[in-house]
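For the protein sequence lines, the chains are A and B, in the order given.
With this note's numbering applied, the first sequence corresponds to residues 1 to 486, in that order.
With this note's numbering applied, the second sequence corresponds to residues 1 to 1147, in that order.
Read the hints as simulated data drawn from the structure, not as lab findings.
Take the hints with a grain of salt, since some may be wrong.
[Stated by the list, open to error] Simulated pairs of lysine-lysine, BS3-like, Cα-Cα distance not exceeding 27 angstroms: (1) Lys463/A <-> Lys948/B; (2) Lys127/A <-> Lys138/A; (3) Lys32/A <-> Lys691/B; (4) Lys479/A <-> Lys859/B.
[Unchecked claim] From the derived model, a few chain A residues whose C-beta atoms are all more than 12 angstroms from chain B: (5) Gly83; (6) Glu90; (7) Ile117; (8) Gly173; (9) Ser245; (10) Asn311; (11) Pro366; (12) Tyr414; (13) Arg445; (14) Val450; (15) Leu453; (16) Asp462.
None of the values given here were measured: they were computed from a predicted structure.
We treat Cβ as the ideally placed atom computed from N, Cα and C, and that holds for glycine.
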Amino acid sequence: MKTNRSYSLYFLILLSLVSCNQDQLDLYPETKLTQGNFYNNESQLVQAVDDVYRQLNRVYDARGIVDLYGELYSDNTYIEFTGGSTTFEEDIIGYRIQTNNGRIQTAWETCYNALFICNNIIEQLQKTEVTFSKPEMKNRLVAEATFVRSLILFNMVRVWGDIPMPLKVVTAGESYDYIRESEAIIYQQIIKDLTESKKNLPAFYTGSDIGRATKHAAAAVLAKVYLTQGDKANAGKELKEIIDSNLYSLDANRDGKVNKDDYVFLFQPATKNSKSSILELQFLAGQNAVNSTYQQIYTPYHWAFHLPGINETFRGEGMNTPTADLINEFEKADSTRKNITVYPGYVNLETKQFINYPFTMKFFDPNWRYAGQNVEIIRYADILLLYSEVTGDPTYLNQVRARVGLPGYGEPGYPTQYSTLARAIEHERRMELSFEFHRFFDLVRTGRAVEVLKSKGLAITDKKLHFPIPQNAIDVNPKLTQNDYN
Amino acid sequence: MRKNIQIPNRVWLTLKISLQQMALGILLCGFCFAHKSSGQDILYKTISLDVENAELKEVLTLIEKQADVHFLYSSSAIGNGHKVTMKVSNKKLEWVLDELVRPLSITYVVSENRILLKNQKKETGGLSAPVDVDMAKTVDRILTGKVSGEEGEGLPGVSILVKGTQKGTTTDQDGNYRLSLDDDQPVLVFSFVGYLAREIPVGNQTTLNVTLATDTKALSEVVVVGYGTQKKSDVTGAVGSVKMDQEINSRPVVEIGQALYGKIPGVQVLASNGRPGTSSSIQIRGINSVSASSSPLIVVDGMPLPTYDMNILNSTDVESIEILKDASSAAIYGSRGANGVILITTKSGKEGKTKFNLNYTYGAQKVIDKIDVMNSAQYAQASIDAAQNGWIESGGDPNAPNTIAARKQYKYTWPTQFETPGQLIDTDWQDVIFQAAPMQKIDLNASGGNAKTNFTLSGGYVNQQGVVISSAYQKYTFSVKAVTKVRDWLEVGGTLSLSYDKENEPYNRIVEWAVQYPSVFPVFGTNGYLGGPATTPGFEKYDAILFRPKNGHPLYRINDDIQHKRFNSLGNVHTAIDILPGLRFRTALNFYYRRVDDSDYFAVDPNMGPTYYNEGSMTVGQDRILNYTSQNLLTYDKSFGNHTLSVLGGMEYNNNDFYSTTQQRRGYDNDLIHALSAGRTVFQATDEINKSVLISYFSRVNYNFKGKYLLSTSIRRDGSSRFGPNNKWGVFPSISGGWIISDEAFMKSRVINNLKLRASYGFTGNDRFADYRWIGTMAQGRISRGSGLSTTYYPGSITNPDLEWERTQQVNLGFDLGLLNNRISLEADYYISKSDGLLLDVPVPTVTGFTSVFKNIGKLQNKGLELNLTTYNLSGRRLSWSTQFNYSHNRNKLLALGVGDAPMIYQPGFGMESINKIGEPIFSFFGFRYLGVYMNQAEIDSDAARYKSATPGDGRYADINGDGVLNADDRTIIGNNSPDFIWGVTNNLKYGGFDFSFLVQGVQGNDVYDNNIHRSMLYHEGRNYYGEAVNRWRSEAEPGDGYHYKLTVNLDGYEKTASSYWIVDGSYFRLKSITAGYTFTPAILSKLKLQSLRVYANGLNLLTKKNSPLFDPENFNGGVTQAAQRGVTHSPYPTAKVLSFGINIGF
């Protein structure tokens, strides 16, 4: 009996101790990779660099900072109806942005997260001991990430002016020392980085690499940076390099003819990375792919809404409704561009009543739920128009007009109200590029924003050319100063 | 109940009885209250007698046989030669005893099946000479001695019997006895209520002094504490206890949390919503955490559960619930104790005949309230006002005709039908979606045992429809528990508890839509499609402007099919070995398995015609948790002299394995098959695996000196896989002490019979957040190039190897006071707790790439007061009435936050912001302070901080910083959901077999964000307005109540911005429960051949007094464990009121 009891006891104590190995406390995720075991070979490094293109998509997304500032804040678009319980977008179109505007805050956070991801992979590439399959590969990857970082910074500095500029992975401890750098310093850095990237980026890609940043994309951004700085000479050099490369043409569909079809071609879901395209956001249609959401976000906030030719109703989100002012600026003969840029409304399928609520068709994909149309960021027409701007030579402007069958500047039939080349380019850029996030940037660059918008009754002032810094950023780091937005 | 103890009007006559006896009486009272069946049953047993001139003793023997009771008495007590005559049939024992012994000044005390008879005259009249039982027999020798208690005090009235005979005596007032013996080897049985009986062979002795040990089980209520039990009188922490039988015998408690409402101070119970089967949300002593869960740890029969869910057991299987509120009692649970611990103890079988118990309840449920919204005429007028005001603000001519030609935009016009409001349809959408819903609950339980083995077996079934159409619920439970002593030193046992429930959930916005959909539409319009602008003649042109079916018709998602199936299995197997006297080793393997199947079918056809067909989708999710805990405890209990020591040492290994997977298909052709297979395309298939391990060592020492100086310390060391490598282990000590002052000689008092002071201090931790949070993971992204997809990787979070638990330290000071034989008892506690190392998503400058870093920083303080008062107002033999009142308040304050203590503002996306700010309560609502309406232009002009678009009738907001400009800097704290105080009052009345009880419970001073006010005021979507907006500003001539601003289709001011306009007072009090029942008398029961029979009626939530236009201020949107969501309501599924009838049969 006594031994029985002891044996049972020993056995049970033994049993209870079996499970007590303390190594069991070291558990790691089983469905995710961790930072400790990544960046170990070339393909992982490429996968990490690829993410910078996803960041580009985020920064240029509908309601991203480029959209809010470039289109919504301009005279191109407004909001008729939208849902939600805040007035963030309405405040933007009303030029009464509060410092706690949630949309702008989110856009700010997205930008900095994107910068971090660029910086992180640049650092990983710089310190990696991986041997690459091709010697130039590492430099190219660094250049791709640096290019994306520069483009994001370029947008940010135009929207907010002075901003904190992280160029490496910044720890929480260091982050409080990152205060707003002057625009001049930021531009210096952007020019330096883009010049360097340009050297290491190829002129073109083949196969599945098509869509990555090229030397010419870097040149195009660089040209815009110079132009924004007022440096027409350097801008002109970069633009000329692009034009002279002969890689690009207005003949987007490569049918040997430059005509209206080429404009239409640009905004079709199947036509990706055309001859007219210098930098595009890459999307792919279908479920679980990489869908573009612009069309749904930019269409009427009506439940009875349906897209042309599609008898399924859905409610859009009511963002970026074309203004009457934009619609009216299209020349009579410019139906090609007008019909794609604005669609007048829709017919209610139940009541057969026409609803006058215009929306854009630039992002239309018949596979509307899971749309896959690529989105143009920089295309050849943009380059040509800029080149006219720096050279004062309307030839390039007129190439763009001729493509859609319109008389050139200085030719008979050209609208008389655009009496100077500058006004003609301003008009042309609006007609050619609206909804592509250029308008407000253009007006600010040319110093025309306040004059143009005021004349249309919009409550803009000089102080409102920069968005306020999100209040939250200042709350977290009181060393940041605020823009005087009044 | 107290009538069993003493004939009440004699109580004061017996003051000379020693305090010991009084204490005994009081404790026995508690004992009887805790086990109300025992004493009560005996006195209700029926007796038939037909005796003439019989000896009282003989009569008592007759009664013993009939009623299966045992009388204890000394001959001296009942005297010799009393002859009685009595002829009764089927009278209650109580009545018979009163008739029989009262004339003889004999009183009786009942315990279990023993009835002790005492002669008052003799026992109070000085020394009464012990008298031999049977003088007739030859006296061999005389035995004398003294019977004493553990502290040496003489025990009066102890029954001494010679075993196997009726011969015996009782002790006198000093505990002395004298007994003549004629047997050679007699064995004496010493028994006394409240003490453990002893059998002692006399041998040849002539003097035998005996010490009786108190029977702790009988003497004192026992409460369950971490890893053991404790006499309530020894408890030094703050522990609340609820005996389930008292709560659930009378009402259909499906979910256990329901039984805790208004019962324990410091414990707030909230029904997050009224969906059947939803666990209630419980908060103990305020919120201790910002980011981690603030839900208590649930421990079922020693098994700590990995998830919070109060609905995994059948409430009828539960014996008691104990809540460890303070840090010292919860510290033994270490890193999981900071939010308090809920200990659930299930029922065990008891020695005796196998008993069956059947309980059946049928109830009818109805929605607790309806929200006041505008009727059609009011809505029409409001819509006209809004269109007209918008038109005027846009610069339009007020007298322009109501035509699109004149006003250009439809939003500035209105359907002409609005001008004849009497002819409008007036649909009450809340009537459309709410239903009277039946529910039934049936439970069958069998339990029994013998000296070595006991068991209990039970099954339960709940079938409940919800008060919202298409809502239904079933729950099946089964449990078994058995323990057996294999040897006198070896015990083995196990429990298994299974529950399976199944819910059909209505789409989660159906109630919100029913509140907000305008009454001007029919339920079904043209073509039988859902009623809305397009299907209501005359409204077609307003299809884009007025609220429309796809956005908010309450029946829009009625064809959806949303189901949840949950299977829970938990239990343990255990073995206990008594190594040495007092030293016991117990090992247990506890297991918990939970499997949840969710399916959500989104219908293709919403009854709106083919152009409104949806794509259709089916989402199916499975979660499973396998959790096991290996637990090894060594306990040592020892008393020596005045010292009592109880030591616990233990180790625990806990392993949690979570797996979940979600699949979705889209593209359904029709609504015929609600299965994944019917969808055309696979949309997603994801999974998640989370594992965690917790290894713990812990110890506790309880020591008391003379039973009145109490000391307890505990320590636990936890190692958790959740934390960073630098901080995997944490230590959680506690100490507490108590002093029962009333046991001191100087405190002996007639008035104060119990006074105990308690103080405790301890540390607890909170590890309730996601696994692997310290590890920086690589997140996956996707990009495309051409027609290909590639995966990208990016850092999704920052690695923090220092991540560790949140730690809460708490001081608790309290006292227990019993007055007038515990007729009045008060428990009071005051506590201060400070939580530091709060796990916060600390905002960091965005240049890091992140908006926040998850780390231990920040401090939070809770302090509060808790009172629990119980009074026995009447305790007559037939009529008794007791009242329990509790009150508690908690004040919560943030003491430190992240770097620079910057406030943390949350924008959860539904409009209202919340803020965590130093010096303020956690999760305060943050926005503009609304000051009422600008009544006229002069008021606007005189307000420096007016906003540009303000016109008369618009809202006015406070310029908090006084800078003359209204902007984001003027946002301020405009409310908080933490109540100022909570309270509850329970009254229990009994008259004979009837009982009546009611519970009133209330919450005061909590603020609620009413999203209905917010959303219903946004005209452009055409929602109905909440009722109070009838009193809005319409013009200077019709200014309304000065609070509700004018309506307009052009919202350009602050109407869409979070303000105190959206905050309502969530205070309420309610008649939570009211019960009337009848317990049948033994006379009837014996005819029915039943052990017990009770019928009752109960009303739940019948009356609520509240200030807010909400269904139930308790309800909130969000999970039951999401503290930040409390006080945020978008009209979730509301609570029900229930009227039920039940029957409880024992056989």
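These are the hints, each one checked on the structure:
1. As the CA atoms of Lys463/A and Lys948/B are separated by approximately 18 angstroms, the hinted pair is consistent with the 27 angstroms bound.
2. Simply put, Lys127/A and Lys138/A have alpha-carbon atoms about 11 angstroms apart, close enough for the 27 angstroms limit, and the pair holds.
3. Between Lys32/A and Lys691/B, the direct Cα distance comes to roughly 13 angstroms. Compliance with the 27 angstroms bound is thereby established for this hinted pair.
4. Restraint check: the Cα-Cα separation between Lys479/A and Lys859/B comes to about 24 angstroms, which is no more than 27 angstroms; the hinted pair holds.
5. Not every CB of chain B is more than 12 angstroms from the CB of Gly83/A (nearest about 7 angstroms), against its label as outside the interface.
6. Listed as outside the interface, Glu90/A is inconsistent with that label: its C-beta sits roughly 7 angstroms from the nearest C-beta of chain B, within the 12 angstroms cut-off.
7. A cut-off of 12 angstroms between C-beta atoms contradicts the statement that Ile117/A is not in contact with chain B; the least separation is 5 angstroms.
8. A Cβ of chain B approaches the Cβ of Gly173/A within 12 angstroms, the least distance being about 9 angstroms, so the stated non-interface status is violated.
9. With 12 angstroms as the threshold on Cβ separation, the claim that Ser245/A sits away from chain B holds: the shortest Cβ distance comes to roughly 21 angstroms.
10. Look at Asn311/A: its CB is around 6 angstroms from the nearest CB on chain B, not clear of 12 angstroms, so calling it non-interface is violated.
11. Look at Pro366/A: its CB is around 15 angstroms from the nearest CB on chain B, clear of 12 angstroms, so calling it non-interface holds up.
12. Look at Tyr414/A: its CB is around 33 angstroms from the nearest CB on chain B, clear of 12 angstroms, so calling it non-interface holds up.
13. For Arg445/A, the condition that its CB be more than 12 angstroms from all CB atoms of chain B holds, with the nearest at approximately 26 angstroms.
14. Listed as a non-interface residue, Val450/A keeps its Cβ farther than 12 angstroms from every Cβ of chain B; the least gap is roughly 19 angstroms.
15. No beta-carbon of chain B comes within 12 angstroms of the beta-carbon of Leu453/A; the shortest separation is about 18 angstroms.
16. Annotated as non-interface, Asp462/A keeps its C-beta farther than 12 angstroms from every C-beta of chain B; the closest such distance is 19 angstroms.
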